[in-house]
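*Asks:* Keeping their order, the protein sequence lines are chains R and E. Counting from 1, one number per residue, gives the positions in the first sequence under this note's numbering. Counting from 1001, one number per residue, gives the positions in the second sequence under this note's numbering.
Since the hints were derived computationally from the structure, they do not count as laboratory data. It is possible that some hints are incorrect.
Simulated crosslink set (SDA-like; lysine to any residue; CA at most 20 Å straight-line) [what the hints assert, rightly or not]: (1) R:354 x R:367; (2) R:231 x E:1059; (3) R:361 x E:1099; (4) R:231 x E:1062; (5) R:231 x E:1071; (6) R:574 x E:1104; (7) R:497 x R:557; (8) R:231 x E:1065; (9) R:506 x R:564; (10) R:116 x R:288; (11) R:231 x E:1093; (12) R:574 x E:1103; (13) R:231 x E:1064; (14) R:391 x R:359; (15) R:231 x E:1068; (16) R:361 x E:1059; (17) R:354 x R:383.
All figures in this text were calculated on a predicted structure; none of them were measured in a lab.
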Amino acid sequence: MAEQFYTVASDSETTGEEKAQQTFPDVAIGIDIGTSKCSVAVWNGHQVELLKNTRSQKGMRSYVMFKDDTLSAGVTGGATKEHAHEERDVLSGSAIFNMKRLIGRMDTDEVVQASKTLPFLVQTLGIGVRPFIAALVNNMWRSTTPEEVLAIFLLELKALVEMHYKHPVRNTILTIPVAFSRFQQTRIERACAMAGLHVLRLMPEPTAVALLYAQQQQQLLHDNMGSGIEKIALIFNMGAGYCDVAVSATAGGVSQIRALSGCTVGGEDILQNVMRHLHPNFDSLFAGHTMDRIKSMGLLRIATQDAVHKLTTQESIEINVDLGGGQKVSKVLGRAEFEQVNKMIFEECERVIKQCLHDAKLAPEDINDVILVGGCSRIPKIRSLVLGLCKKADSYASIDVLEAAVSGAALEGAIASGVTDPSGSLDLLTIQATPMNLGIRADGDTFAAIIPRNTAVPARRDMLFTTTHDNQTEALVAVYEGEGKQAEENHLLGYFKITGIPAAPKGAVEINVCMDIDAANVLRVFAGVVKPQGPATPPFIEVRMPTLDDGHGWCGQALAKMYGGNLDLAVLPKKLQP
Amino acid sequence: MAAFASTAAVVVAGPVVLPCRKGARRCVAARAIAAAVAAPAVAGRTHYEVLGVGAGASRGEIKAAYRRLAREVHPDAGSGDGEGFIRLHAAYATLSDTDQRARYDREVAALFRRAAAPASFRRRTWETDQCW
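Modelling step: build the complete structure from the supplied sequences, incorporating the hints.
*Replies:* Structure follows, in structure tokens:
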């Protein structure tokens, strides 16, 4: 198989299409790694092309099957082996899936806790370290990590693209959920690096959709059907793992992200709620991970998945499943009951949308188009909820629910690779915004946001701080990301010390902390003493964030225990600032 | 592809050094300090000059100018390193907000008055000198 990647077609075989492909060998590919399904798309010189696997699927199930000494990911779906994987094989305990929900999370995270009912093993100790995950191979649990699983999947995905275009692939644009922390982003990048892929950009999913929307609006303008005036779009994306909302203002091919918000709620939660509803002893029954229990858990999952899908078009569904061991589930589930069971999820979606509209300083009346994407946007309750909040009768129609994000990523891939199109269909730009506040710990345990959320990227902001003790010579800069008012409620990204601060009474020294995010979303923090100036002050420090690796849940506490408030900073009151 | 060899490669990969990204720029501390003391008119250019619009420009004109220039200075679309876009966005963010724009206009006017006053004073002395 491997030698096929570099097969050079002879001259007589070179068609016009292949010539066009050869023009852009370095174009970055767009990848949408979904919790449930993945897809890959490439700008082929004329348009975005979604690639199909050997089973002719554009959306490929996200999993990696562990068997004896071979591994196969959902890209080929085991099609090259004796038989293709069925969903029941994926749920047999031998496959790892839902990587996107697990990656970069600590074992205290509630998402990891909720993943313990999956067929494969997710073991937690609840102490703020990486969870232990393992797949069943020959009746033994074999350990792995979400990064490794993702890397194996990406390797297969990369091979698919290389086979199709007959040249090596290096650069990629990946879509990620808005709710991903910077720490999780580094994990995704590491998985890509393991698979030999270089990440040009990590794009929040709804912003990729916004780029596609901008292209479509430009196309309408070219065809003299658009008005050219600014259009406000609310993009709602909900897949199996995450829910994201973005508000974008689009005109002239430029789509400016006005606000972003997201949460870790998706189809997986809906599925688990329904499973618990159908089988009240669900948690206690499946906690043991014995062979027969894994099997009945798989059967229940398949039946529930099927029911949830059918309820998008049917008013009610009859579920009859024999779980083995004398356990049966037979029930008629109506749509109203389904909606009652998932009430909390719909409320959370509502909160995220309201938050996004509030942050964008817009009223529902200002919205021109409501774009619904992701598998869960097919659920009637979700549709009516989003449209209701935006006071719209219908959603934007000319976008594919499952292909929009990956198509946007492929467009960004072409733009970021410097490809231009004579017809102007790549004259596009998305002005990204930061999804979360970035700041440092100051005034005790308070979180001082330096770059507030929804700031346009690239961005640079700074803030002045001062010492909290007389003759304080060292200060700790602890960098956090999140929405909490207290520093400890947020994600700790890293920390460093400013040393050699000139001796002075407390509050007399001015320390500047500057945060810089470049177009590739790399965060750098600069800090140093700005007053008093002179040869006695130390040079500034530049630190690329995040600096922390695993177990960062502990670091904040360890720092507090070690230093107390000795190295604390305080925000310099505005009246003292120049 | 699914053979064990490829898996082994993944496992062995171990400590991964992330390649330096395209467009990553080093920002010196001095520049950070310069940004810290950002006065209304940095380096002699007002927000209006950055956007290339007149002082009486409407919100629509400001928005259009922002979009047009963003396509030139944003690192994703043009050849900028981000500095230009940060300046442009700061100008746009101030002028697109009615309150902030009014405050900015007052500050700039005050700045020009202060700058103008000593100049006219000097000119008068120069004229007096000439009379002598």
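*Asks:* Which earlier hints turn out false for this structure, listed by number in ascending order?
*Replies:* Hint check: nothing fails, all pass.
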